[in-house]
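Let the hints inform the model, and build the full structure from the sequences given.
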Amino acid sequence: MKKFTCSVFLLISCFCGSAQIDPVLLRDPSRDTNSLQLNMDAVYSRPFNKVGKLPVAVGGYVEANYQYLGQDGITEGHQFQMRRLTLFVSSAIGKRIKFLSEIEFEDGTKEINIEFASVDFEFSPLLNLRGGVVMNPIGAFNQNHDGPKWEFVDRPISATQMLPATWSNVGFGLFGKKYNKGWVYGYELYLTNGFDESIISNSENKTFLPAAKKNADRFEESFNGSPLLTAKVALKNNKIGEIGLSYMGGVYNKFEDDGFKLDKKRRVNVFAVDFNSTIGAAKTFVNGEWAWIGIDIPDTYTEQFGRKQQGGFLDIVQPVLKRTMFGFENAVLNAAVRLEYVDWNKGRFQSTGGNISEEIVSVVPAISWRPNPQTVLRLNYRYNWQTDLLGNPPSKLAGIQIGFSTYF
Amino acid sequence: MFSKTFKATAGVVLMFACLISCRKLLPDAPADDSILDGPVDGLTASEKIIFLRGDVAFNDEIFSSGTGLGPMFVASSCGTCHAGDGKGHPFTTLTRFGQSDTISNKFLHLGAPQLQGRAVPGFQPEAIPAGASFSKFTPPANTGLGFLELVPDADLLALSDEFDADGDGISGRPNWINVPVYCQFRNATVEKNNRYIGRFGKKAAVYDLLQQTANAYNQDMGVNSSYEVFDTYNGLEIDPEVSNQTVLDVVFYLKTLKAPIQRNTSDPEVKAGAAIFNRISCGKCHTPQMKTGFSPISALSEKTFFPYTDLLLHDMGPALNDGYTEGTALPAEWRTPPLWGLGLSKNSQGGQVFLMHDGRARSIEAAINMHGGEATKSRESFQQLNAQEKSSILKFLESL
Numbered sequence: 152m153k154k155f156t157c158s159v160f161l162l163i164s165c166f167c168g169s170a171q172i173d174p175v176l177l178r179d180p181s182r183d184t185n186s187l188q189l190n191m192d193a194v195y196s197r198p199f200n201k202v203g204k205l206p207v208a209v210g211g212y213v214e215a216n217y218q219y220l221g222q223d224g225i226t227e228g229h230q231f232q233m234r235r236l237t238l239f240v241s242s243a244i245g246k247r248i249k250f251l252s253e254i255e256f257e258d259g260t261k262e263i264n265i266e267f268a269s270v271d272f273e274f275s276p277l278l279n280l281r282g283g284v285v286m287n288p289i290g291a292f293n294q295n296h297d298g299p300k301w302e303f304v305d306r307p308i309s310a311t312q313m314l315p316a317t318w319s320n321v322g323f324g325l326f327g328k329k330y331n332k333g334w335v336y337g338y339e340l341y342l343t344n345g346f347d348e349s350i351i352s353n354s355e356n357k358t359f360l361p362a363a364k365k366n367a368d369r370f371e372e373s374f375n376g377s378p379l380l381t382a383k384v385a386l387k388n389n390k391i392g393e394i395g396l397s398y399m400g401g402v403y404n405k406f407e408d409d410g411f412k413l414d415k416k417r418r419v420n421v422f423a424v425d426f427n428s429t430i431g432a433a434k435t436f437v438n439g440e441w442a443w444i445g446i447d448i449p450d451t452y453t454e455q456f457g458r459k460q461q462g463g464f465l466d467i468v469q470p471v472l473k474r475t476m477f478g479f480e481n482a483v484l485n486a487a488v489r490l491e492y493v494d495w496n497k498g499r500f501q502s503t504g505g506n507i508s509e510e511i512v513s514v515v516p517a518i519s520w521r522p523n524p525q526t527v528l529r530l531n532y533r534y535n536w537q538t539d540l541l542g543n544p545p546s547k548l549a550g551i552q553i554g555f556s557t558y559f
Numbered sequence: 002m003f004s005k006t007f008k009a010t011a012g013v014v015l016m017f018a019c020l021i022s023c024r025k026l027l028p029d030a031p032a033d034d035s036i037l038d039g040p041v042d043g044l045t046a047s048e049k050i051i052f053l054r055g056d057v058a059f060n061d062e063i064f065s066s067g068t069g070l071g072p073m074f075v076a077s078s079c080g081t082c083h084a085g086d087g088k089g090h091p092f093t094t095l096t097r098f099g100q101s102d103t104i105s106n107k108f109l110h111l112g113a114p115q116l117q118g119r120a121v122p123g124f125q126p127e128a129i130p131a132g133a134s135f136s137k138f139t140p141p142a143n144t145g146l147g148f149l150e151l152v153p154d155a156d157l158l159a160l161s162d163e164f165d166a167d168g169d170g171i172s173g174r175p176n177w178i179n180v181p182v183y184c185q186f187r188n189a190t191v192e193k194n195n196r197y198i199g200r201f202g203k204k205a206a207v208y209d210l211l212q213q214t215a216n217a218y219n220q221d222m223g224v225n226s227s228y229e230v231f232d233t234y235n236g237l238e239i240d241p242e243v244s245n246q247t248v249l250d251v252v253f254y255l256k257t258l259k260a261p262i263q264r265n266t267s268d269p270e271v272k273a274g275a276a277i278f279n280r281i282s283c284g285k286c287h288t289p290q291m292k293t294g295f296s297p298i299s300a301l302s303e304k305t306f307f308p309y310t311d312l313l314l315h316d317m318g319p320a321l322n323d324g325y326t327e328g329t330a331l332p333a334e335w336r337t338p339p340l341w342g343l344g345l346s347k348n349s350q351g352g353q354v355f356l357m358h359d360g361r362a363r364s365i366e367a368a369i370n371m372h373g374g375e376a377t378k379s380r381e382s383f384q385q386l387n388a389q390e391k392s393s394i395l396k397f398l399e400s401l
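Residue numbers (this note's numbering), protein chains in the order written: chain A, 152 to 559; chain B, 2 to 401.
To be clear, the hints were calculated from the coordinates, so they are not data collected in a lab.
Glycine included, every Cβ here is placed at the ideal spot set by N, Cα and C.
If you want a taste of the chain A side facing chain B, the calculated C-beta under 8 angstroms gives, among others:
| no. | residue |
| --- | --- |
| 1 | Gly221 |
| 2 | Gly224 |
| 3 | Glu348 |
| 4 | Tyr452 |
| 5 | Ser502 |
| 6 | Asp539 |
| 7 | Lys547 |
| 8 | Leu548 |
Below, simulated DSS-like cross-link-like pairs (lysine-lysine); rule was C-alpha separation at most 30 angstroms, straight line:
| no. | chain 1 | residue 1 | chain 2 | residue 2 |
| --- | --- | --- | --- | --- |
| 9 | A | Lys547 | B | Lys49 |
| 10 | A | Lys547 | B | Lys396 |
| 11 | A | Lys357 | B | Lys347 |
| 12 | A | Lys547 | B | Lys25 |
| 13 | B | Lys137 | A | Lys497 |
| 14 | B | Lys259 | B | Lys272 |
| 15 | A | Lys547 | B | Lys259 |
| 16 | B | Lys347 | A | Lys497 |
| 17 | B | Lys304 | B | Lys272 |
| 18 | B | Lys347 | A | Lys459 |
| 19 | B | Lys396 | B | Lys378 |
| 20 | B | Lys347 | A | Lys547 |
| 21 | A | Lys459 | B | Lys137 |
| 22 | A | Lys357 | B | Lys137 |
Right, dumping it as C-alpha cells:
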C-alpha cells in the first residue's frame with residue numbers, strides 16, 4: 152500500500168510540475184511518423200493523449216485475464232489475474248529534448264517498477280543521447296513489450312524466464328537511425344548498472360538472469376562498479392522486415408570489496424537475434440527472437456547452475472477476418488501460434504558425460520480479436536513440456552487463458 | 002429469427018463455457034503406480050497439511066548463499082538429490098571418507114565423514130585428505146521410509162543370523178550405532194553396549210528419519226539446525242539456518258510418503274519371476290514382506306508392506322569393498338537396499354539406471370552380477386538360469 156501511495160504521489164507530482172516549468176515549452180513530444188518503425192521506436196510508438204492544458208502527454212495500458220491451468224493432473228482452479236497496469240508520461244522539454252517515463256504495477260500492487268524514465272537529447276537523427284532509467288535493448292521483446300501489441304496472454308518464456316524482460320537499469324547511452332529509400336537502420340549503445348550474483352545464487356536453483364531484477368539497489372548503485380554494456384543494431388526494409396542483433400555483457404560478481412580482491416571478474420554475455428516480417432498478401436506476421444547466454448561460473452560451484460543457456464520464441468499471427476464486427480469498424484480476428492523453447496543449462500554432466508537437461512518446450516495456439524489496433528482480446532491454449540536437470544520424464548502443464556490488453 | 006450479432010455472441014460464450022468446463026484440455030495425472038511421490042493412503046486432514054508443508058520444504062526450498070547454503074555443500078535442495086523422491090544421479094552422489102575400521106573415523110578433524118565437494122563462489126570445496134579411504138553413495142529413493150522406520154527392532158533381530166547358524170551362507174546382522182541425543186528411541190528399541198540398531202543409509206548407520214534429515218541439511222547442504230549445530234566449514238557452533246519446524250515437517254513428509262506400488266502383478270512372467278527370485282534365495286536378504294509396529298499415524302500403524310530388504314548388513318565380497326565403513330559395519334558389509342521402486346529408477350535417474358551403492362551398475366542384470374560375498378550363491382544361481390528364466394526375474398524386478 153505504501154508503494155502504491157508513493158507511486159500515485161509521484162504521478163500526481165508530474166502533473167503538478169506545470170507550476171514550475173514554462174508550459175509553453177511542454178507539449179506532446181515529437182514522434183517519428185515514418186512508417187518504417189523499428190523495435191527501438193516502440194517506447195514512443197504508443198498512443199499518448201494530451202489532457203486539457205496539462206504540459207505532458209499521458210497514456211498507458213492495462214491487461215487482465217482469466218486462466219485455468221493444470222500440471223500433471225493437478226490444477227489450482229479458476230484464476231483471475233490483473234497482470235499489469237502501466238502508465239506513461241511524456242513531455243517535450245524543449246526543442247529536440249524529450250522525456251518519457253513508464254511506471255508499471257504488476258499483479259495488483261505486488262510489484263511496482265519504474266521501467267523507463269529517461270531524457271533524450273537529439274543532436275541529429277543519427278546521434279541522440281539518452282540518460283536515466285533505460286530498457287537495455289537485448290532482443291526485441293524487452294524494448295517492445297506492451298501487452299496490447301501481442302496476441303498472447305503470457306509473455307514469452309525465453310524473454311522473461313531466461314532473459315530478464317522487462318529489464319531496465321540506470322545509465323546513459325547513444326542511439327540513432329537513418330533512412331535510405333525503403334531501408335532504415337538504427338543502433339543503440341548504453342552503459343548501465345547491471346547484474347549481480349543472484350543470477351547464480353537464487354531460489355530458482357538454476358542460472359536465472361531475472362533474479363537480478365529483485366535488486367532494487369541497482370537504481371542507486373552498481374553492484375560491483377563495473378558497467379553493463381548493451382548494444383544493438385537493427386536493419387529494416389519496408390518489404391522484407393526487420394532484423395536486430397544485440398549484445399549485453401558485463402561483470403556480475405563482486406570481485407573486490409573495500410579494497411580486497413575477492414575473486415576474478417566473472418562475466419555474463421548475452422547475444423540475441425530478433426526478426427519480424429509481414430509476409431505476402433495474406434499479411435502473415437512472423438515475429439521471433441533467439442538468445443544465447445554464457446556465464447563464467449566457478450568450476451567448484453554446482454553444475455545445477457548452467458554455464459550456457461539458449462532459447463527463444465516464434466510467433467505466427469494470421470489475420471483471418473477484417474470487417475465490422477459487433478459495430479467495431481475494421482475489427483480483426485487473428486489466428487496465431489507461439490512456439491517456445493528454453494534450455495537453461497546447456498552442457499554435459501562431468502560425472503557421466505550425459506546431457507544436462509532443464510528445458511522447456513511450449514506451444515500456444517491462440518485466437519485474438521482486435522476491435523481496434525490498440526485493444527486485443529485473446530483466447531490462448533498453452534501446453535508446456537518441462538524437463539528437470541536430469542532429463543526425467545517431463546512435467547506437463549496446459550490450460551486455457553482468456554484476457555484482454557488495451558492502451559488507454 | 003436471431004441477429005448475426007446474437008449468434009456470434011452466443012457462439013463465443015458457448016465456446017468459452019466449453020473450454021472452461023473441459024478438463025480434458027489439461028494433462029492427465031500420471032498413474033499412481035508410475036510415480037514414487039505422493040502420500041500414503043489414509044492420512045487425516047491435519048496430517049495432509051503437515052505433509053504438504055514438508056513437501057514444499059523438501060522439493061521447493063532452494064538454499065543459496067544468502068539463506069544458508071554451504072559455504073561447502075553437495076546440493077542446494079533436498080529435491081536436487083531425490084528427483085521425484087526417487088533414486089539420485091551420479092551428479093549428486095555423496096562421497097564419504099575417513100573410516101576404514103569399526104573403531105573410529107580418524108579424519109573427523111579434516112571434514113570427515115562427508116565430502117562437501119562444491120562451494121559457493123569465493124570459497125574452496127573440500128578435498129579427500131591423503132590416506133583417507135572413501136566410498137561413493139548414490140542418493141536412495143525416499144519412498145516408504147516411514148514403513149521401514151516402524152519395523153520393530155525385534156523383527157530385525159529375528160531376521161539376523163550373524164554367525165550363520167542355519168548354514169545357508171547368509172549371515173545378516175544389524176549395524177550397532179551411536180545415536181545422537183536429539184533422536185527419540187522407538188518403542189522397544191534394543192540396546193547393546195550403549196549402541197542401537199541403525200537402519201537407514203548404505204551402511205545402516207542412521208537410526209531414524211530425524212537423524213537422516215538433520216544430517217542431510219548439515220552435511221549435504223551446509224545448512225545448520227538446532228539438531229546438527231556444528232558448521233561443516235569451520236566446525237564451530239553457529240545459529241540455526243533452518244527452523245526445527247521445517248526439519249520436522251520434512252521428517253513427517255518422508256515418513257508419510259507412500260510405498261511404491263508394484264505394477265503388472267497379474268503378468269504370468271512377473272509371477273514366474275517372483276517364484277524364481279525366492280527359489281534362488283534372493284529373498285533371504287531382500288526380504289519381501291515386513292510389518293510395522295504401532296504408530297500414532299494410523300496410516301502407518303501395524304501395516305504389512307513389501308520392501309524387499311531386511312535392513313541388515315551383509316558381506317558383499319571384495320569387489321564391493323571400498324575400504325570405507327560406518328558404525329560397526331565392516332568395509333565389505335552393506336545394508337540390503339530395498340528393491341521396491343526399482344523399476345521406476347530410470348524416471349528419477351534421467352532415463353538411465355545407476356544401481357548398487359555408488360551407481361556403478363548400469364542395469365539390473367549388471368547389478369545382480371556384481372553381487373558377491375554372502376550373495377555369491379544367489380548370483381551363480383541367477384547366472385545359471387536359462388534366458389526365459391532370466392527374463393522373468395528381471396521383469397519381476399522391473400515390476401517392483
